[in-house]
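Visitor: This is what each chain is made of:
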Amino acid sequence: MTDVASAGVDAAVASAGVVDVLATRHAYVAFAVLLCIGLYMMIANPHLVKKIIGLNLFQTAIFLLFIASAYVEGGSIPIVPSGDVEAGTFVSPLPHVIVLTAIVVGVSLTAVGLALCIRIYDEYGTLRTDTLRELMRDEGSLPVESAVNGDAPAEGADASAAVDDATADGGGADD
Amino acid sequence: MTDVLLPLAIAVPIVAATLPIALGLWYDDIGWPIAAVATTAVVGIAAGIVAEVAIGGRFTHALGTYQPPIGIELVADQLSAAVLALIALVSLATLAFSRVAGPRGNPFYSGYLLLVGGLVGMALTGDLFNMFVFLEIVGITTYALIAADRSGASAYASLKYLVVGTVGASLYLVGVGYAFLATGTLNMVDMREQIVAQAGYGDPLIQASYALIVAGLALKIALFPVHTWQPDAYQRAPDAVTAVVAALVSTTSAYALIRVTYTVFTVDFLAANDAITTGILLVSGASILAGSVLAAMQSDLKRMFAYSSVAQFGMIGAAIALANETALLGGIVHLIGHGLLKFGLFLGVGTLALGYGVRRIEDAASAAREAPFTAGAIALLGLGLVGIPPSVGFLGKWYIGVGAVESSMAGAGPAGIAVAVVIFVSTLFTLSYVARLIERFYFAGVGLPGGHGDDAVGHDDDPTGGRDTDPAGVAADGGNESGDDHTGDGDAPDDGHVPVAPVEGAPRLSLVPDRVPPASLAVLVLTALVTVALGFGGFALSEWFGPFLTEVFA
Chain A
237 MTDVASAGVD
247 AAVASAGVVD
257 VLATRHAYVA
267 FAVLLCIGLY
277 MMIANPHLVK
287 KIIGLNLFQT
297 AIFLLFIASA
307 YVEGGSIPIV
317 PSGDVEAGTF
327 VSPLPHVIVL
337 TAIVVGVSLT
347 AVGLALCIRI
357 YDEYGTLRTD
367 TLRELMRDEG
377 SLPVESAVNG
387 DAPAEGADAS
397 AAVDDATADG
407 GGADD
Chain B
4 MTDVLLPLAI
14 AVPIVAATLP
24 IALGLWYDDI
34 GWPIAAVATT
44 AVVGIAAGIV
54 AEVAIGGRFT
64 HALGTYQPPI
74 GIELVADQLS
84 AAVLALIALV
94 SLATLAFSRV
104 AGPRGNPFYS
114 GYLLLVGGLV
124 GMALTGDLFN
134 MFVFLEIVGI
144 TTYALIAADR
154 SGASAYASLK
164 YLVVGTVGAS
174 LYLVGVGYAF
184 LATGTLNMVD
194 MREQIVAQAG
204 YGDPLIQASY
214 ALIVAGLALK
224 IALFPVHTWQ
234 PDAYQRAPDA
244 VTAVVAALVS
254 TTSAYALIRV
264 TYTVFTVDFL
274 AANDAITTGI
284 LLVSGASILA
294 GSVLAAMQSD
304 LKRMFAYSSV
314 AQFGMIGAAI
324 ALANETALLG
334 GIVHLIGHGL
344 LKFGLFLGVG
354 TLALGYGVRR
364 IEDAASAARE
374 APFTAGAIAL
384 LGLGLVGIPP
394 SVGFLGKWYI
404 GVGAVESSMA
414 GAGPAGIAVA
424 VVIFVSTLFT
434 LSYVARLIER
444 FYFAGVGLPG
454 GHGDDAVGHD
464 DDPTGGRDTD
474 PAGVAADGGN
484 ESGDDHTGDG
494 DAPDDGHVPV
504 APVEGAPRLS
514 LVPDRVPPAS
524 LAVLVLTALV
534 TVALGFGGFA
544 LSEWFGPFLT
554 EVFA
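Sequences listed follow chains A and B, in order.
Counting in the working numbering, the first sequence runs from 237 upward without gaps.
Counting in the working numbering, the second sequence runs from 4 upward without gaps.
Derived by calculation from the structure, the hints in this document are not laboratory data.
Listed below are several chain B residues computed to face chain A (Cβ distance under 7 Å; list not exhaustive):
# : residue
1 : Ala150
2 : Tyr159
3 : Ser173
4 : Leu184
Covered stretches of chain B, going by a simulated chain A footprint (3 or more residues, C-beta under 8 Å):
# : segment
5 : 132-146
6 : 161-171
For each residue, glycine too, the CB sits at the ideal point set by N, CA and C.
The shape of chain A in the complex, shown without the other chains (with noise of 0.2 Å):
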């Protein structure tokens, strides 16, 4: 119940400044835009590329969310020269470090992503889950009722199968 009331509270401030908020905190709103936008790409856009450039999003987000996580207000890069004993502000170290390992990982990702649309491509021709979908139920790899079928998965193997594709790939049909 506090939380509720601390969250309505801070709905009040949020109301009454947000202009301040985006002034001050403009890092953190767009870390949230960001993610959801690479989210909603992943989720709804039909191009396996394009859900790749969504997951992009994605992670650049987090590593936003971290970066402006270490800022200080008027501090300095983090490097002390042997010697000297300057005792400054300094902007944290850790969040840049966690930061790069993140975007060694994203990068290694989006390599193995793309590599695996060349063989997708290769294979089909084309890069549309929804025509992939039809090809692949040509082809047998998917089952044949899945397109006709509802999404309750209560209706069997194949239509379970299509809730599968349909929640992983948002759905090419809606194109």
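Use these hints to put chain B onto chain A, whose structure you have.
Guide: Quick look at chain B alone, frame taken from chain A:
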């Protein structure tokens, strides 16, 4: 000095992973021997770590001599040692199968060793961000190995897993980021103290952090609403990859969830946040039911056991959320036991496919007569999955069920009873699909040439003689020779009930009638026996995990 074993266990497979590609420039088939040597070394190191934990309990290693909480710490305790032992043994045993089943080629074994290194790292790390890195190493190599089948369908399944899996790992990273913002540390043990000191269990940042970590790991574990990548990935992957991935990848993600929940956030956090535990219990319950129902509807063997994993991991999730000593013990035992059972089952399915081309339940008629040892081992493992004692599958489910009821008795409301009921219902569904398989193996194909009971037709033998007569004499000749005196009474089953026949070039063994590769058959039978043997070790397991449980519930 024994603490140096911890970094070695991670470094050996990762360094060895470079060798197949490098030496592949000069030698063609160097990948398998290197992988065999490296995983054997990992088994040795793991044995050393387990022995050390058995003697002295928990021990740690500070990487690069940077002391925690600033440096990265590797930790071995009873839980991580058990998971490490599972990883080491399964990764070595899978090689016996991949030798004959493929995929071949040096790059495959590089990926395989990287996967082993990543899994070992996840089991041993004591740092939340380091856990993310190993999670992604495991993820990336798993995507690559699943696509090693060279078919378009496997590439598509792999890409689907890549997108979903990366979202999962990224959500985990966001969760870790939130916790880092609240506490300023990444070391697990230090964060446990800092959460209490700096934030408290009611802090929205901490709550959001835990929720994001659970959501991310649930994607990786494949709990019900977000399991959709898993059946395709398991079905399309090469058989050897399915065996190792099904046994280890989701298992270490579930281990990560246990570790983060109990070492970092602690039982008190779960007790303070009813909404979160209720949420996990609901998702787990749905996962148990949906996984069992979907599994019972499949006819592709690999897909069936893939959905079954969704249900089993639902039970482990429920055990985590119950926050009860008995249930957590059950969850951990089930984690290890399920890993072994699924390894054996996928290995058995792959072995059967290799020798007889069996991929679907309908194809498996009379398999028990053609391949009595393979079919017998699969049946034994299947019954273990149902939870029939004495098997490790029974122990895990039993402890989770007892823990669930205990938590209800202790006044935690009806949720515990509901979990116990759901597990019982799921057991019935499991029985229904395992029994379907056993029926195929042992009873289908009666009266057909080469089928069960065929040699009883026209003689006055016991009708069950088809199974009970010396299988080595009857089944080794496999085909129609034994069907000469078939009289054809007209009640022969329909066309789908043709008994299994060995594929062209299936190996012939001198000791057993099974026309399957000897090494994978030996590993399969051994795995089945180990799951039964562990079933007798309930007291020993409870003793082994006792110190860990006492620590987290202190």
